[in-house]
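Numbering (my numbering), first residue to last: 5 to 305.
None of these hints come from the bench; they were simulated from the model.
Treat each hint with caution, since some may be false.
[Claimed, not checked] Simulated restraints, written as ranges between beta carbons of each label pair: (1) Ser42 with Ala278: 47 to 53 Å; (2) Gly17 with Asp268: 24 to 30 Å; (3) Ala281 with Ala72: 42 to 48 Å; (4) Asp122 with Ser6: 29 to 35 Å; (5) Thr110 with His9: 23 to 29 Å; (6) Gly288 with Pro148: 23 to 29 Å; (7) Arg144 with Gln206: 56 to 62 Å; (8) Arg171 with Val247: 31 to 37 Å.
Virtual Cβ for every residue (Gly too), placed ideally from N, Cα, C.
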Amino acid sequence: MSIGHYIKEIGRGKDGARSLTREQAGDLLGQVLDGAASDLEVGAFCIAMRIKGETAQEMAGFLDATEARLNQLPASAAPTVVLPSYNGARKLPVLTPLLGLLLARTGVAVLIHGTATDSSRVTSAEVLRAFGVEALTAVRALAPGELAYAPTELLCPGLKRLLDVRRVLGLRNCAHSLVKLMNPCAGRALIVSSYTHPEYAQSMAQTFVLTGAQALLLRGTEGESVADARRTPRMERIAGGEVRVLQEAQTGPLASLPELPGIDAQATAAYCRAVLAGELAVPGPIALQVEHILQALRDGL
5 MSIGHYIKEI GRGKDGARSL TREQAGDLLG QVLDGAASDL EVGAFCIAMR
55 IKGETAQEMA GFLDATEARL NQLPASAAPT VVLPSYNGAR KLPVLTPLLG
105 LLLARTGVAV LIHGTATDSS RVTSAEVLRA FGVEALTAVR ALAPGELAYA
155 PTELLCPGLK RLLDVRRVLG LRNCAHSLVK LMNPCAGRAL IVSSYTHPEY
205 AQSMAQTFVL TGAQALLLRG TEGESVADAR RTPRMERIAG GEVRVLQEAQ
255 TGPLASLPEL PGIDAQATAA YCRAVLAGEL AVPGPIALQV EHILQALRDG
305 L
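Generate the whole structure from the sequences, applying the supplied hints.
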């Protein structure tokens, strides 16, 4: 079906718009990712969905289209932990690389994927580069204990183009949610996903359930998939079509605050080195997140 027909359905305004089925959503986004839609149609799609809001069925369909076009990493013998990293550092250091490094040193294969969506923020890619980890230039299987970084354009060029629409329109679109839900691995994987606003917690969990994903979901640090180093967030485990609370959010006043670096890449990389060397303590919330991830792997995917 033509993209124009779909835009007519979803573009009737907040109260008049009609939701798409999972199959229709997959067809629509497939056309966008394949470059079959004009710039005007892509812009209309992004704005219409932004006003209407995506249902879990639509997000599942969008994921179907995305994963059908992903250059997935080949399956490994053991599961891979997937850490989406798209928000970067604004006020707090981006510690997604630290989470990945802590997991990797336990023998877990870790894939961080992302791209810069806001030129004013420091990204995980910059921190990892300062740490000596360069971006992958081709998809390949990961070894146990290896941490790798994959840029979005390597995994799905069409998805990167859709993310870049934000630079023109100034608004997020469904791609910014898709990248936090997708599985870039052909084999078993645990997706560690995050949300910035509480209302997304339920819709993201519903999407994981519909797609049969294995995931850990939390309210991350400024949208990143790492726990806030200052206060433990609520963490949920999605597996077998069920959502289970692993960790309730910490409440009340904070007794102490961890020693954190500035947000620039070099300072963050130096902080990560100090934590890994035992010179600084692992922030409590991140240590808890590591344990929940390792327990999920022990429980089996």
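Comparing the hints with the structure gives:
1. Take Ser42 and Ala278: their Cβ atoms lie about 51 Å apart, and the range 47 to 53 Å holds.
2. Range check, Gly17 to Asp268: Cβ separation about 43 Å, and the 24 to 30 Å hint is violated.
3. In this structure, Ala281 and Ala72 meet the distance hint of 42 to 48 Å, their C-beta atoms being roughly 43 Å apart.
4. Hint check: Asp122 to Ser6, Cβ distance near 33 Å, so the stated range 29 to 35 Å holds.
5. Checking the proposed 23 to 29 Å range against Thr110 and His9 shows it is violated: the Cβ atoms sit about 50 Å from each other.
6. Checked against the hint of 23 to 29 Å, the pair Gly288 and Pro148 passes, with Cβ atoms roughly 27 Å apart.
7. Restraint check, Arg144 to Gln206: a C-beta distance of roughly 36 Å breaks the suggested window 56 to 62 Å.
8. Restraint check, Arg171 to Val247: a C-beta distance of roughly 34 Å satisfies the suggested window 31 to 37 Å.
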